[in-house]
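Make the full structure from the sequences, and use the hints.
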Amino acid sequence: MRRKDVAEDWDYELNFPHTPDKVSVSSSTRMWWWKCRKGKHPSYKARVSTRTRSRFPAKCPKCPRAKKIDAYVTDANRLSVCRRDLIASWNVKENLPLTPDLVSVFSGKRVIWDCLANPDHPSWPAAVADRAGSATREGTGCPECYLVGTSRPELRLKAELSLFLSITPGPARIPAGGKRLEEVDIADHSARLVVEFDGAYSHSQPGSWERDREKTRRLTGAGWTVVRVREHDLEKIDPVNDVAVGKDAHPYRVATAVIKHLANLGFLSSAQAEKYSEAGDLRAREVSDAWIFERLGRTYSKAELDTYDDKWDRMHKALVSFHEAFGHCRVPAGIEVKGVDLRTWCYTQRDFHRKGKLSKERQQRLEGILFWHFDALAGNFWDNYEMYQEIFNWRGTGQRIPGADAQDVRAMQQWAKKLRERRRKQLAAGKDLPSYQVEAMGQISGWSWSPKRKRS
1 MRRKDVAEDW DYELNFPHTP DKVSVSSSTR MWWWKCRKGK HPSYKARVST
51 RTRSRFPAKC PKCPRAKKID AYVTDANRLS VCRRDLIASW NVKENLPLTP
101 DLVSVFSGKR VIWDCLANPD HPSWPAAVAD RAGSATREGT GCPECYLVGT
151 SRPELRLKAE LSLFLSITPG PARIPAGGKR LEEVDIADHS ARLVVEFDGA
201 YSHSQPGSWE RDREKTRRLT GAGWTVVRVR EHDLEKIDPV NDVAVGKDAH
251 PYRVATAVIK HLANLGFLSS AQAEKYSEAG DLRAREVSDA WIFERLGRTY
301 SKAELDTYDD KWDRMHKALV SFHEAFGHCR VPAGIEVKGV DLRTWCYTQR
351 DFHRKGKLSK ERQQRLEGIL FWHFDALAGN FWDNYEMYQE IFNWRGTGQR
401 IPGADAQDVR AMQQWAKKLR ERRRKQLAAG KDLPSYQVEA MGQISGWSWS
451 PKRKRS
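For the sequence shown, the numbering used here assigns the number 1 to the initial residue and increments by one for each residue that follows.
Possibly wrong hints are sitting among the right ones.
[As the list claims (entries may be wrong)] Ranges of calculated distance between the beta carbons of each label pair, as one might list FRET restraints:
#1 Ala290 - Thr74: 35 to 41 Å
#2 Gln363 - Val240: 18 to 24 Å
#3 Arg422 - Gly398: 18 to 24 Å
#4 Lys360 - Gly446: 38 to 44 Å
#5 Gly327 - Val240: 39 to 45 Å
#6 Leu96 - Asp233: 17 to 23 Å
#7 Gly223 - Ser269: 21 to 27 Å
#8 Thr74 - Val240: 24 to 30 Å
#9 Asp75 - Lys311: 36 to 42 Å
#10 Lys360 - Lys431: 19 to 25 Å
#11 Asp130 - Leu96: 19 to 25 Å
#12 Leu181 - Pro97: 55 to 61 Å
#13 Arg422 - Asp130: 43 to 49 Å
[To be verified] With a Cα cut of at most 20 Å, we get these calculated SDA-like pairs of lysine to any residue:
#14 Lys4 - Asn15
#15 Lys62 - His41
#16 Lys109 - Ser123
#17 Lys109 - Trp124
#18 Lys22 - Asp405
#19 Lys38 - Pro57
#20 Lys260 - Arg218
#21 Lys59 - Pro42
#22 Lys4 - Ala58
#23 Lys417 - Gln389
#24 Lys236 - Arg218
#25 Lys260 - Gly280
In case anyone wonders, no lab produced these hints; they're calculated from the structure.
For glycine and all other residues, C-beta sits at the position ideal for the given N, C-alpha and C.
If you want it as structure tokens, here you go:
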């Protein structure tokens, strides 16, 4: 265990013959005994992973926890560390005694922000979490720096759809029967297709649903197919043609959902939709950047400049640092990098690899980290493997350790039984367990994949 601060609480008497230097820092297989740090209460049981996690680590249940607002603000979520670009817009005078060092990027506390693009714009209140955004939601900006008649999400979506459809940058005016012209967000005249982006705020006002339905009826009557992109909580106008997206969702997620929906409706091919979903980021970002700059100039949100590639590189670097510190890639829950949980990110990469959506370049970079496996069960295997070694391979003799806890013995016997059964089924299907599991178990003295049953 490479956490000396946690190892100091190890109860050597109750955990004998086990010592902290033989236990993984992320082990979650069994409960161990720990001493009360203050020495006022009896020893208590807890898993190593719950003692070493960064958020809400397990402590002596008898000792009262400190009730401080900033008790859970660490460098992993501190605003001044994770979002330094927002420090300049922090209104120091109005927010005293609060500072960016004392709040988390997930804080719901409303503070005062200044507009950096235009000093004439008044300061405005906004929750820290809303201003900072997240991996799936863009942060908010100055309410005075807004786009007239359109929005950033709409322009992002329009630019991405322009890769497949004949779309012009500005609002389209199309015939809707007789001499009437309807202004719509996105239109492809050749395909007779209209795409409307309905934001949750402007389209949740009284009477908005009825107006949207009437507009859809007029356009449909004139021979147009209307697809409405409705943000979260907005009721669909047409259950078949409309598509729902999350409120303030990342533009790439919105574009992917809409492109897949258009493929289902027959306006795009499934191959086009699949190829786009593999891109991992906006493909027409430069186009939408130009449109936004044209309308807003330098009030363009810096939060949007943090691309998907930047985020992936940042998480990969964090994984490399974790490996260098602990010697493995079994990341416990609670390690966050700019609001993104590293363990969840690792699971996502494995899922992308399983579905064939992870690029070869990223696959090679991950495989370049020693002990990285795309097998999602790798971490659980190694935890159980180490414990099995401790109990059934005492000093490399293949014998059970004297005085082993009966509960641990039964748990490891069940694990070995399930492992053998899983391999038997895999071999019957013409497959096998991951090679690292087969090789690791084969190195244990006395291990057999087909043990002989004892006669009763």
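These are the hints, each one checked on the structure:
1. Ala290 - Thr74: 35 to 41 Å: 39 Å, holds
2. Gln363 - Val240: 18 to 24 Å: At roughly 38 Å between Cβ atoms, Val240 and Gln363 fall outside 18 to 24 Å, so the hint is violated.
3. Arg422 - Gly398: 18 to 24 Å: The hint (18 to 24 Å, Cβ to Cβ) holds, given that Arg422 and Gly398 are roughly 22 Å apart.
4. Lys360 - Gly446: 38 to 44 Å: 41 Å, holds
5. Gly327 - Val240: 39 to 45 Å: 54 Å Cβ-Cβ, so the 39 to 45 Å window is violated.
6. Leu96 - Asp233: 17 to 23 Å: 36 Å, violated
7. Gly223 - Ser269: 21 to 27 Å: 23 Å, holds
8. Thr74 - Val240: 24 to 30 Å: 48 Å, violated
9. Asp75 - Lys311: 36 to 42 Å: 18 Å, violated
10. Lys360 - Lys431: 19 to 25 Å: 24 Å, holds
11. Asp130 - Leu96: 19 to 25 Å: 21 Å, holds
12. Leu181 - Pro97: 55 to 61 Å: 57 Å, holds
13. Arg422 - Asp130: 43 to 49 Å: 46 Å, holds
14. Lys4 - Asn15: 17 Å, holds
15. Lys62 - His41: 7 Å, holds
16. Lys109 - Ser123: Distance of about 16 Å is within 20 Å: holds.
17. Lys109 - Trp124: Judged against 20 Å, a Cα distance of about 13 Å means the pair holds.
18. Lys22 - Asp405: With a Cα-Cα distance of about 16 Å, the restraint between Lys22 and Asp405 holds, given a limit of 20 Å.
19. Lys38 - Pro57: It holds: about 16 Å lies between the C-alpha atoms, which stays within 20 Å.
20. Lys260 - Arg218: 26 Å, violated
21. Lys59 - Pro42: Cα-Cα ~12 Å, so holds.
22. Lys4 - Ala58: Holds - the C-alpha atoms of Ala58 and Lys4 are around 15 Å apart, at most 20 Å.
23. Lys417 - Gln389: At roughly 15 Å apart (the allowed maximum being 20 Å), Gln389 and Lys417 satisfy the hint.
24. Lys236 - Arg218: 17 Å, holds
25. Lys260 - Gly280: Holds - the C-alpha atoms of Gly280 and Lys260 are around 14 Å apart, at most 20 Å.
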